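Trainee: So the sequence lines, in the order shown, correspond to chains A and B.
Read in order, the letters of the first sequence correspond to residues 1 to 268 in this note's numbering.
Read in order, the letters of the second sequence correspond to residues 1001 to 1356 in this note's numbering.
Because the hints were derived from the structure by calculation, they are not lab data.
Note that this is a predicted model, so its numbers are computed, not measured.
All C-beta atoms in this analysis are idealised placements derived from N, C-alpha and C, irrespective of residue type, glycine included.
Hints are supplied without guarantee of correctness; some may be wrong.
What the hints assert, rightly or not - To list a few chain B residues with every Cβ distance to chain A over 12 Å, as calculated:
1. Ser1093
2. Asp1095
3. Asp1166
4. Thr1224
5. Asp1279
6. Glu1282
7. Ile1301
To be verified - Beta-carbon label-pair distances, calculated as ranges:
8. Ala259/A to Tyr1020/B: 16 to 24 Å
9. Gln1127/B to Ala183/A: 38 to 46 Å
10. Gln1227/B to Phe189/A: 53 to 61 Å
11. Ala183/A to Ala1076/B: 32 to 40 Å
12. Arg38/A to His1023/B: 40 to 48 Å
13. Phe189/A to Asn1136/B: 33 to 41 Å
14. Lys1137/B to Leu127/A: 19 to 27 Å
15. Arg38/A to Gln1227/B: 46 to 54 Å
16. Asn1136/B to Leu130/A: 26 to 34 Å
17. Ala1076/B to Gly233/A: 57 to 65 Å
18. Asp1030/B to Val40/A: 51 to 59 Å
19. Gly1171/B to Ala259/A: 55 to 63 Å
What the hints assert, rightly or not - Quick look at which bits of chain A chain B covers, simulated, 3 or more residues with Cβ under 8 Å:
20. 21-27
21. 31-43
22. 102-111
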Amino acid sequence: MSTITMTSRGVEVRHQSRWSAGSDIIAMSGRELRRSLRSVDALVTAFAIPVSIMLVFVVIFGGAISSDGDYVNYVVPGTLVLCLGFGAAATAIGVAQDVATGTVNRFKTLPVLGSAVLHGHVVASLLRNLAACVPVVVVALLLGFRPAAGLSGWIDAGLFAVLIILAFTWLSVLGGLLLSVDAAGSINFVFLFLPYISSGFVAVDTMPGWLHGFADHQPYTPIIETLRALLDGAAPGATLWVALAWLAGILAVGAVGSALVFARRVKG
Amino acid sequence: MTATNRTGPAIDVAGLRKGYGNHAVLDGVDFTVARCEIYALLGPNGAGKTTTVNILSTLVRPDAGEVRIGGVDVLARPAQARRMFALTGQYASVDEFQTGAENLAMMARLNHLQASARRTRVAELLQAFDLSGAANKRVAGYSGGMRRRLDLAVSLIAMPPVLFLDEPTTGLDPRSRAQLWSLVEELAHTGTTILLTTQYLDEAERLADRVGLIDDGRIVATGTPDQLKAQVSGDHIVFSFGERHDVLRAAELALRHCADGAQVETDEATLSVRMPTSDAVEDIRALLAETAKAGIRVSDIAIAGPTLDDVFLTLTGRPSAQERSDDAAGSHEQPTAGEKRATHEEKTHEEKEKAA
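Isolated chain A, as found in the complex:
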């Protein structure tokens, strides 16, 4: 075995500056993107499952729920939001793994912005989910999705999607910090099933009466209706503000909660 020759004792170390925080976050984001792109599991979760969900809703359920073809335009926004939540939830597993392996401990003892590891998870989730939207939307278009929105409608919808991803991801980060790896892995069921009890897939009117109260007032209904209006080139009206209030609230709980828990979370 070779010996340790520490020839460069006194390596040049730059001191932390305002810029280094940005550099730390870029390094951490690169780390998370590698995690996303290098595991078959993660790739299937990020890309194959959302496309499959879109196919299932439009091809299989689409015919039964509505025979006039308008159902495609109705269901695509809901499916997109479902996919964004499902994709964001994967972040919880990565964060929980980082806690379990002691990686969070190590990052917290570096002379860096400790929370850079969490920001890295969020940036990677944003890029991953925006990328995952592309095949989902392409499949929808192939299946007959014909949104009426012009360029500005698409841009608004894109910005709205960014906000959705950020809010859901920070909530998942909080979940990952609080839960074990196994429990964090089941967070995506919340994001997978909650949208069904909203106006995303069928009109709330068609649900049993006792579900109306929940379906009308849970966050997914205004969020999906806002996205549907934006993609349809229509003005979302008051529902936009309800959706923004929900997303801002979720984002605040997720980000502030994560910061508080992260400061105290120590493995060992």
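Could you slot chain B onto chain A? The hints should help.
Mentor: Using the frame of chain A, we list chain B on its own:
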């Protein structure tokens, strides 16, 4: 730089206390580590080793006490203190989905190494830790020993003056363990101060210049390994037998052979007798002659050095915390108990080789 002290001890810990609820994990821990020294905190699971390391590495705030690393007050200036040390935790905290080189490059970047220095430093560490061949393989395919070496390399990227090693060889096979030991020794030779925690006496003996024996949140003894061992009863001989009734008869012979007051232990499970010795060769010769005369067949003989439990028994007058928890009903399912049994088996195995 005004706060750093270039001549004082590398690590200075005084009156450290930490409790969770009513349970005091640390109950007044004091120790100092000189520059370039290897200091081992030796103790069983739950003694407070990891809590101490977590406080020293700014992860946990103590309820009371003072910590200085390289003269920097860790509690008052954690950000400045983080430049003085690196932590290698109990788990190999390297990313499975990245290659060895990528893990190192990422840490070089996070340690704010100059871009020009990063590549050389990464190559240098891969070489030093015998990982050049696996540099571009993902860590998921690494063995346990390779992961630990990479973990150690990652800690050293910014050449910290102080290194914390929390149970660095737990779960490693003997060969990887020996390899890691020589790496740690070389690090100390090149000027790194090392605080090591371990529950293995042989590890502390092999590596440490000084050992602090920690039990129930307090340091119960400090000294060089030789000083500590001098306080502990010496070697033991363990005779094993094929027949249960031979065990008691042999124990009587052993008791008669030993000096007054010596403790001879019998173990029904392994059909063995354990006796203290000051001259193993002479005692074995004598006991073999006597057992042969009595018609007792000895199936195996092993010489056992003082164990961690012996050290505890001598220094605290009671078995170690681990031994006590083993005695508690149903505690055998606990991983700590399992680990302990495993290390005992490993130890006996080594001893047999030594005796053979």
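Trainee: Any hints this thing doesn't respect? Which numbers, in order?
Mentor: Of the numbered hints given earlier, those the structure breaks are 1, 2, 3 and 19, listed in rising order.
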